[in-house]
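Protein chains in written order, with the numbering used here: chain A, 24 to 421; chain B, 24 to 421.
Some hints could be false.
The list treats identical chains as interchangeable, and a pair is accepted whether it falls inside one copy or across any two copies.
Think about it this way: if two alpha-carbon atoms lie no more than 30 Å apart in a straight line, the pair counts; the simulated DSSO-like pairs of lysine-lysine are [unchecked claim]: (1) Lys-334 x Lys-92; (2) Lys-92 x Lys-309; (3) Lys-90 x Lys-109; (4) Lys-92 x Lys-397; (5) Lys-90 x Lys-154; (6) Lys-334 x Lys-90; (7) Lys-157 x Lys-304; (8) Lys-109 x Lys-92; (9) Lys-92 x Lys-419; (10) Lys-157 x Lys-419; (11) Lys-397 x Lys-285; (12) Lys-157 x Lys-92; (13) Lys-304 x Lys-270; (14) Lys-334 x Lys-309; (15) Lys-419 x Lys-397; (16) Lys-304 x Lys-397; (17) Lys-272 x Lys-285.
Hints listed in this document are in silico derivations from the structure and should not be mistaken for laboratory results.
2 protein chains.
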Amino acid sequence: MVKEIIEAVRQQGDTALRDYTERFDGVRLESLRATPEEIEEAYKEISDSLLAVIREAIENIRLFHSKQKRDSWFMTNPDGTVLGQKVTPLDSAGVYVPGGTAAYPSSVLMNVIPAQTAGVERIAMVSPPSKEGKLPAGVLVAANELGVTEIYKVGGAQAVAALAYGTETIPPVDKIVGPGNIYVATAKREVFGDVDIDMIAGPSEIAVVADETARANEAAADMLSQAEHDPLSKSVLITTSAAFAEKVKHEVERQLEDLPRKEIAEASIRQNAQFLVAASKEEAVKMVNDMAPEHLELLVDNPFEWLGSIKHAGAIFLGRYSSEPVGDYFAGPNHVLPTSGTARFSSPLNVDDFTKKSSVIYYSREAFEQHAGKIAEFARYEGLEAHARAIEERLKEE
Amino acid sequence: MVKEIIEAVRQQGDTALRDYTERFDGVRLESLRATPEEIEEAYKEISDSLLAVIREAIENIRLFHSKQKRDSWFMTNPDGTVLGQKVTPLDSAGVYVPGGTAAYPSSVLMNVIPAQTAGVERIAMVSPPSKEGKLPAGVLVAANELGVTEIYKVGGAQAVAALAYGTETIPPVDKIVGPGNIYVATAKREVFGDVDIDMIAGPSEIAVVADETARANEAAADMLSQAEHDPLSKSVLITTSAAFAEKVKHEVERQLEDLPRKEIAEASIRQNAQFLVAASKEEAVKMVNDMAPEHLELLVDNPFEWLGSIKHAGAIFLGRYSSEPVGDYFAGPNHVLPTSGTARFSSPLNVDDFTKKSSVIYYSREAFEQHAGKIAEFARYEGLEAHARAIEERLKEE
Numbered sequence: 024m025v026k027e028i029i030e031a032v033r034q035q036g037d038t039a040l041r042d043y044t045e046r047f048d049g050v051r052l053e054s055l056r057a058t059p060e061e062i063e064e065a066y067k068e069i070s071d072s073l074l075a076v077i078r079e080a081i082e083n084i085r086l087f088h089s090k091q092k093r094d095s096w097f098m099t100n101p102d103g104t105v106l107g108q109k110v111t112p113l114d115s116a117g118v119y120v121p122g123g124t125a126a127y128p129s130s131v132l133m134n135v136i137p138a139q140t141a142g143v144e145r146i147a148m149v150s151p152p153s154k155e156g157k158l159p160a161g162v163l164v165a166a167n168e169l170g171v172t173e174i175y176k177v178g179g180a181q182a183v184a185a186l187a188y189g190t191e192t193i194p195p196v197d198k199i200v201g202p203g204n205i206y207v208a209t210a211k212r213e214v215f216g217d218v219d220i221d222m223i224a225g226p227s228e229i230a231v232v233a234d235e236t237a238r239a240n241e242a243a244a245d246m247l248s249q250a251e252h253d254p255l256s257k258s259v260l261i262t263t264s265a266a267f268a269e270k271v272k273h274e275v276e277r278q279l280e281d282l283p284r285k286e287i288a289e290a291s292i293r294q295n296a297q298f299l300v301a302a303s304k305e306e307a308v309k310m311v312n313d314m315a316p317e318h319l320e321l322l323v324d325n326p327f328e329w330l331g332s333i334k335h336a337g338a339i340f341l342g343r344y345s346s347e348p349v350g351d352y353f354a355g356p357n358h359v360l361p362t363s364g365t366a367r368f369s370s371p372l373n374v375d376d377f378t379k380k381s382s383v384i385y386y387s388r389e390a391f392e393q394h395a396g397k398i399a400e401f402a403r404y405e406g407l408e409a410h411a412r413a414i415e416e417r418l419k420e421e
Numbered sequence: 024m025v026k027e028i029i030e031a032v033r034q035q036g037d038t039a040l041r042d043y044t045e046r047f048d049g050v051r052l053e054s055l056r057a058t059p060e061e062i063e064e065a066y067k068e069i070s071d072s073l074l075a076v077i078r079e080a081i082e083n084i085r086l087f088h089s090k091q092k093r094d095s096w097f098m099t100n101p102d103g104t105v106l107g108q109k110v111t112p113l114d115s116a117g118v119y120v121p122g123g124t125a126a127y128p129s130s131v132l133m134n135v136i137p138a139q140t141a142g143v144e145r146i147a148m149v150s151p152p153s154k155e156g157k158l159p160a161g162v163l164v165a166a167n168e169l170g171v172t173e174i175y176k177v178g179g180a181q182a183v184a185a186l187a188y189g190t191e192t193i194p195p196v197d198k199i200v201g202p203g204n205i206y207v208a209t210a211k212r213e214v215f216g217d218v219d220i221d222m223i224a225g226p227s228e229i230a231v232v233a234d235e236t237a238r239a240n241e242a243a244a245d246m247l248s249q250a251e252h253d254p255l256s257k258s259v260l261i262t263t264s265a266a267f268a269e270k271v272k273h274e275v276e277r278q279l280e281d282l283p284r285k286e287i288a289e290a291s292i293r294q295n296a297q298f299l300v301a302a303s304k305e306e307a308v309k310m311v312n313d314m315a316p317e318h319l320e321l322l323v324d325n326p327f328e329w330l331g332s333i334k335h336a337g338a339i340f341l342g343r344y345s346s347e348p349v350g351d352y353f354a355g356p357n358h359v360l361p362t363s364g365t366a367r368f369s370s371p372l373n374v375d376d377f378t379k380k381s382s383v384i385y386y387s388r389e390a391f392e393q394h395a396g397k398i399a400e401f402a403r404y405e406g407l408e409a410h411a412r413a414i415e416e417r418l419k420e421e
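Using the sequences and the hints given, assemble the complete structure.
Here is the structure:
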């Protein structure tokens, strides 16, 4: 199915995009690109206060990500050698913003800002349109606030294919980021290699570590904020107090009652929540590191003292006032985080994801002549005679 | 086939490793791990001069990679906010060293050193044994010089499966790196997600950019040093002089004649070599950036002046004395480089590949109370009520 869609987009370009959008999103679009008029209209639809929050969040996210920027560097030797690492932004990136029933302007901010901070010149955003052929106001406003001008009203596997291979309207990009449903994820896996992709996100997880200083109602609320994402979301309480665990269980039940997304949150809690009692701080830390959670909250006294023991977590929220939504929306660090235990080896989305390095090697004649014989010997040991000869060609008299 | 091997290793552990090693490598091994005696024996088999080169290369590679290390950092705000990024090495890494007819100690150095520099505590090396049940002396010596003690005599998809899922003898690792044949590459793709992997390397490529100051014999020798790797290797000359291109063609033919790996190199040259004439420096740069070559040589006057225009290349070798084998074996930068145009978005293997970041977020009560309302509003706009309530639980009077 996904392969077929990708193939159709490669062959028929915009025509395929229009056909699939009609079929899956229920609207036939003449222009695939969002217009200045649509953006203007979007500003009228959102409140002044939301606009102000978006603008403040942008500032915070930009500031944090600016600290991730890396310079090119070089090292030199008196023999004339210059070695270095050149850091270059990707030429272009595509950002997938999920649509459907909800609007995710925070997803726009978290995916676009690291790319812009890295220096990526061209950023193309795609998102599935509503039946009316529109994108959510918050998404358009967020994109416009960031200066993103290439906004396409196309979603699903067809959008990923367009970003990877290009169509008449959408030029191809070098890397595709952003979350999406199973079709989007599958399409990203398919095109990987031809273009780069970010991680394939799994269901959201949180580990809430709480000692006797924590409040059960707050721990429960944070577990539910994960649970409302998806029935597959996983919320784990880790506490040194069995009594506290019982209190949190009770609070979860109480707060579940009147949640708008109760059905989802309840399914997640019933299937995936865990209330673990650790015998000691050390055991609690081990549980965290074994889980390598996407989100980790430390609702403990002196949370900074725990930092040195935590090896694996996507984002670490310290103390009572660092509830996870603080990081989802506002504080500055990225909310695109490694899921399903991949924090063992993966990082939050960051500026490095939108740059790449080139090694730089300069040998002077002096340096070369000093080492040529050794290099040729090493090459010959590996059976690569032409490598040795490439060195020795330079030693010939002219 | 590969899936079947992986499944067998997951189920039968060491037994499967012994069976496949017997079947594919022609030897039944009692002990899968290389012994101190084998390592001692290896030192007797290699020359003092090769040992000296390996040691000097180790120093150079360590020095270069040490510059890639990154510190954890944090930023603070007078309102009590602390935000940061914690950098942590992976717990463990597995290094695949290809075997067969040749020995590749340089592969040991280039894959192990960045992991060690990152601070990875456990490094397991795997490599297929000879029919005599041994690993090449150079490989054992290189590993021992680096202090690698976990050396397993197993190769192919079965080795990748063992590293990913563990057996009685081989504990699992978090990331698998290193080149291998099609079975190894396929197995790495299969296990990706359960563990991390490095890139899947394609055939080797070089672009040699030469102006009228270059020597045809040297350009030709460098093209052949790529060509001898594989019939699929690609060597491209880009020059502003048609006459020079002819000279290089002639030199390639001449030098091909007595190469030990002539058959491979000749196939590569016939099928994949290109001799391109650019109308200007600008056009030459464009050709390079369009190709995004794994290796780029700038055999030109003032090669440093070109650096600012080169956007996409794995490693850039500047000037006559920076022949590509200088980087393969000795200079210090990594020789594991992005192939097949992936230098558009990928980097040489480096210390970052063996670390990951965790975001750190601490909000004070003051900071929280100032921003709580905004964060809740943003969450509600996205339809995530439990997120908003997680914030508001903290605002309740106690």
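Hint check:
1. Lys-334 x Lys-92: Both: 23 Å inside a chain and 17 Å across chains, each within 30 Å.
2. Lys-92 x Lys-309: The answer is between: 26 Å across copies meets 30 Å, while 32 Å in one copy does not.
3. Lys-90 x Lys-109: both (18 Å within a copy, 13 Å between copies)
4. Lys-92 x Lys-397: between (38 Å within a copy, 28 Å between copies)
5. Lys-90 x Lys-154: Neither way: Lys-90 and Lys-154 sit 41 Å apart in one copy and 53 Å across, limit 30 Å.
6. Lys-334 x Lys-90: Both: 22 Å inside a copy, 23 Å across copies.
7. Lys-157 x Lys-304: neither (51 Å within a copy, 47 Å between copies)
8. Lys-109 x Lys-92: So Lys-109 and Lys-92 pass the 30 Å test inside a copy (13 Å) and across (15 Å) alike.
9. Lys-92 x Lys-419: neither (45 Å within a copy, 39 Å between copies)
10. Lys-157 x Lys-419: Neither: 69 Å inside a chain and 39 Å across chains, both beyond 30 Å.
11. Lys-397 x Lys-285: Between copies only: 23 Å across chains, 69 Å inside a chain, cut-off 30 Å.
12. Lys-157 x Lys-92: So Lys-157 and Lys-92 fail the 30 Å test inside a copy (35 Å) and across (46 Å) alike.
13. Lys-304 x Lys-270: Result: close within a single copy only, 20 Å intra versus 72 Å inter.
14. Lys-334 x Lys-309: Within one copy only: 9 Å inside a chain, 44 Å across chains, cut-off 30 Å.
15. Lys-419 x Lys-397: Within. Shortest intra-copy distance 16 Å satisfies the 30 Å Cα cut-off; inter-copy 72 Å does not.
16. Lys-304 x Lys-397: neither (54 Å within a copy, 34 Å between copies)
17. Lys-272 x Lys-285: within (16 Å within a copy, 72 Å between copies)
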